[in-house]
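Student: In case you want the letters, here they are:
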Amino acid sequence: MNIVVLVKQVPDSGADRNLRSDDNTVDRGSANNVINEMDEYAIEEALKIKEAHGGEVTVLTMGPDRATESIRKALSMGPDKAVHVVDDALHGSCAVATSKVLAAALGQLNADLVICGAESTDGRVQVMPHMIAERLGVAALTGARKLTVDGSTLTVERQTEEGYEVVTASTPAVVSVWDTINEPRYPSFKGIMAAKKKPVQTLSLGDLGVAPTEVGLDGATSAVLEHTKRPPRSGGAKITDEGEGGVKLVEFLATEKFV
Amino acid sequence: MSEVLVVVEATREFGVKKVTLEMLTLARELGTPSAVVLGGPGAAEALSAKLGEYGAEKIYAAESEEIDGYLVAPKATVLAELVKRVQPAAVLLASAQEGKEIAARLAVKLDNGILTDIVGLAADGTATQVAFAGSTIVKSKVTKGLPLVTVRPNSVNPTPAAATPAVEQLTVSVTDTDKLAKVVDRVAEQKGSRPELTEAGIVVSGGRGVGNADNFKLVEEIADLLGGAVGASRAAVDSGYYPHQFQVGQTGKTVSPQLYVALGISGAIQHRAGMQTSKTIVAVNKDGEAPIFELADFGVVGDLFKIVPQAAEEIRKRK
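Residue numbers (my numbering), protein chains in the order written: chain A, 2 to 260; chain B, 9 to 327.
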């Protein structure tokens with residue numbers, strides 16, 4: 002099975018994250034950039050399917066030059082190769098334009114199965130798998146906590162508010178996964194060394210047949226007008242329990258009219 | 009005034025969800041609200057009274073086995089046809105998994121911008137969003153097409169405004185491409201009658217400090233006494249104390265209730281990302297240096313196995 006995993010480089014969610022003051026895009030330059038955590042689960046799932054059914058795993062990333070670091074990191078887990086869509090004109094692209102670019106790249110890769118994380122930690126927009134599936138005219142099985150492959154039939158357990166749905170489709174398809182689906186492997190030393198030699202193909206907008214005017218800040222279908230830092234919360238009263246902690250807690254809830 | 013389409017979010021068990029009432033309230037400030045019900049046969053009838061109560065002047069009902077039997081795509085197709093026909097002033101969906109997914113497909117079909125997780129929308133289409141785990145407030149706008157937005161639950165105070173909605177049945181005609189992802193089963197796992205996590209006015213969450221799955225009964229007890237939902241930190245979920253759908257945090261649900269009660273939760277960034285926009289936060293933790301206390305309006309340092317049962321008793325006494 003020819004599997005493509007979508008990997009996004011994002012600013013580390015454990016550190017301070019900002020929008021830029023000049024063009025209101027995500028500040029990636031001064032951030033510590035890492036693989037979007039949920040994508041590691043997508044890579045793991047792809048590798049497991051390859052191990053069980055054979056085939057090839059390709060990492061697909063759209064992002065600036067520095068995303069190369071995340072691509073090598075992804076490859077060190079075990080995928081065979083990577084494709085990096087990189088073009089200065091992509092800076093500031095909205096979700097709609099991003100899906101156009103990724104769909105164009107996927108069109109060239111002939112994937113049976115596209116796997117991605119359910120959302121990224123920077124935008125948490127959660128729209129990409131369905132946007133791509135809509136453009137490619139293939140099935141989207143999203144929010145999977147379990148994926149079973151039987152020949153060309155895919156079955157997922159899709160996490161919902163009430164429980165889960167069992168959803169099936171035939172390949173080609175896009176599957177997005179939550180972090181409950183598996184436990185991603187750590188790259189081995191051998192994997193890290195091997196990753197340095199794995200092929201990484203770069204594609205420009207020209208290679209994909211997408212016009213620069215359709216993407217980037219100028220081609221964006223939405224715009225950030227302004228942004229402000231929210232003042233950090235300040236802690237209130239803190240007491241140490243000396244036998245009456247539970248009562249004091251409820252007294253506080255009562256003054257706030259919750260009890 | 010032009011129509012504002014509100015795509016109804018409802019469950020089989022509880023009917024119209026609160027976020028739908030929030031969207032109707034928001035839509036009334038932008039134009040004339042029309043509710044759009046996308047569901048199986050007979051779906052709209054059970055919901056129409058509630059939708060009218062909150063100001064829906066019209067209900068578009070698309071009811072078909074095809075809508076219910078396949079994932080998302082048929083709903084987006086029906087909605088796209090409706091949007092093209094009525095040219096609404098805005099389209100509002102719930103910022104939950106399915107709402108975002110329908111909106112995603114609609115954006116591509118119409119080549120229209122999309123904004124997710126909005127907490128406010130002005131008449132000129134300027135939306136307010138909270139980004140980066142609640143640390144940044146963003147004003148943004150759809151610049152191509154109509155305002156297509158998903159609204160985060162607990163952003164608007166839902167207020168009734170009675171209307172008598174006229175119901176219009178929509179013809180559902182979907183393509184084969186819309187029927188690629190077939191829903192073969194729906195399994196309910198939600199237990200009891202607690203409010204849904206992202207919609208609840210009160211959320212009581214447990215973390216690693218709760219110690220084991222059995223002890224989560226303490227968390228559930230406080231939640232039930234306060235009429236709230238139960239949440240869990242990632243540490244608690246990863247340790248198998250509580251199911252994943254109740255996880256609050258960066259890789260889980262984002263909640264913004266009136267009251268958030270954190271029990272045995274240290275307050276790692278992972279967790280704070282999902283709850284720090286809560287109105288009032290209280291915390292119980294044995295470690296006085298735990299970062300959760302930096303957020304808490306009221307914190308108790310001590311043994312939760314002593315403090316929580318005492319608090320439960322005190323609430324009962326006051327009832």
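Mixed in with the good hints, there may be bad ones.
Stated by the list, open to error - Derived BS3-like pairs (lysine-lysine); straight-line CA-CA distance at most 25 Å:
no.: 1; chain 1: A; residue 1: K147; chain 2: B; residue 2: K314
no.: 2; chain 1: B; residue 1: K314; chain 2: A; residue 2: K239
no.: 3; chain 1: B; residue 1: K287; chain 2: A; residue 2: K230
no.: 4; chain 1: B; residue 1: K147; chain 2: A; residue 2: K230
no.: 5; chain 1: B; residue 1: K294; chain 2: A; residue 2: K239
no.: 6; chain 1: A; residue 1: K239; chain 2: B; residue 2: K147
no.: 7; chain 1: B; residue 1: K190; chain 2: A; residue 2: K249
no.: 8; chain 1: A; residue 1: K249; chain 2: B; residue 2: K187
no.: 9; chain 1: B; residue 1: K314; chain 2: A; residue 2: K258
no.: 10; chain 1: A; residue 1: K258; chain 2: B; residue 2: K117
no.: 11; chain 1: B; residue 1: K325; chain 2: A; residue 2: K239
no.: 12; chain 1: A; residue 1: K258; chain 2: B; residue 2: K149
no.: 13; chain 1: B; residue 1: K190; chain 2: A; residue 2: K49
no.: 14; chain 1: B; residue 1: K149; chain 2: A; residue 2: K230
no.: 15; chain 1: B; residue 1: K287; chain 2: A; residue 2: K249
no.: 16; chain 1: A; residue 1: K147; chain 2: B; residue 2: K187
no.: 17; chain 1: B; residue 1: K117; chain 2: B; residue 2: K225
no.: 18; chain 1: B; residue 1: K149; chain 2: B; residue 2: K225
no.: 19; chain 1: B; residue 1: K26; chain 2: A; residue 2: K258
no.: 20; chain 1: B; residue 1: K187; chain 2: B; residue 2: K117
Derived from the structure by calculation, the hints contain no laboratory data.
For clarity, every value in this text was computed on a predicted model and none was experimentally measured.
Student: All the hints need checking, so say for each whether the structure fits it.
Tutor: We went through each hint and held it up to the structure:
1. Proposed proximity of K147 (chain A) and K314 (chain B) is contradicted: the alpha carbons are some 39 Å apart, above 25 Å.
2. For the suggested pair K314 (chain B) and K239 (chain A), the alpha carbons sit about 17 Å apart, so the restraint of at most 25 Å is met.
3. The hinted pair formed by K287 (chain B) and K230 (chain A) meets the criterion: a straight-line CA distance of about 18 Å does not exceed 25 Å.
4. As the CA atoms of K147 (chain B) and K230 (chain A) are separated by approximately 12 Å, the hinted pair is consistent with the 25 Å bound.
5. For the suggested pair K294 (chain B) and K239 (chain A), the alpha carbons sit about 12 Å apart, so the restraint of at most 25 Å is met.
6. Between K239 (chain A) and K147 (chain B), the direct Cα distance comes to roughly 35 Å. Violation of the 25 Å bound is thereby established for this hinted pair.
7. Between the alpha carbons of K190 (chain B) and K249 (chain A) the distance comes to roughly 53 Å, so the proposed pair goes past 25 Å and is violated.
8. The straight-line distance between the Cα atoms of K249 (chain A) and K187 (chain B) is roughly 57 Å, outside the 25 Å bound, and the hint therefore fails.
9. At roughly 23 Å between alpha-carbon atoms, K314 (chain B) and K258 (chain A) fall within 25 Å of each other, so this suggested pair holds.
10. For the proposed pair K258 (chain A) and K117 (chain B), the alpha carbon gap of about 47 Å is over 25 Å, so the pair is violated.
11. Distance check on the hinted pair: K325 (chain B) and K239 (chain A) sit about 24 Å apart at the alpha-carbon level, within 25 Å; holds.
12. A threshold of 25 Å between alpha carbons decides the hint, and for K258 (chain A) with K149 (chain B) the separation of about 37 Å lies outside it, so the pair is violated.
13. Simply put, K190 (chain B) and K49 (chain A) have alpha-carbon atoms about 24 Å apart, close enough for the 25 Å limit, and the pair holds.
14. Taking the CA atoms of K149 (chain B) and K230 (chain A), the gap is about 19 Å. The hint holds against a cut of 25 Å.
15. Restraint check for K287 (chain B) and K249 (chain A): the C-alpha separation of about 19 Å stays at or below 25 Å, so the hint holds.
16. Restraint check for K147 (chain A) and K187 (chain B): satisfied, since their Cα atoms lie roughly 21 Å apart, inside the 25 Å limit.
17. Restraint check for K117 (chain B) and K225 (chain B): the C-alpha separation of about 47 Å exceeds 25 Å, so the hint is violated.
18. With a C-alpha separation of about 45 Å, the suggested pairing of K149 (chain B) with K225 (chain B) is violated against the 25 Å cut-off.
19. The straight-line distance between the Cα atoms of K26 (chain B) and K258 (chain A) is roughly 21 Å, inside the 25 Å bound, and the hint therefore holds.
20. This hinted pair checks out: K187 (chain B) and K117 (chain B) have alpha carbons roughly 16 Å apart, not beyond 25 Å.
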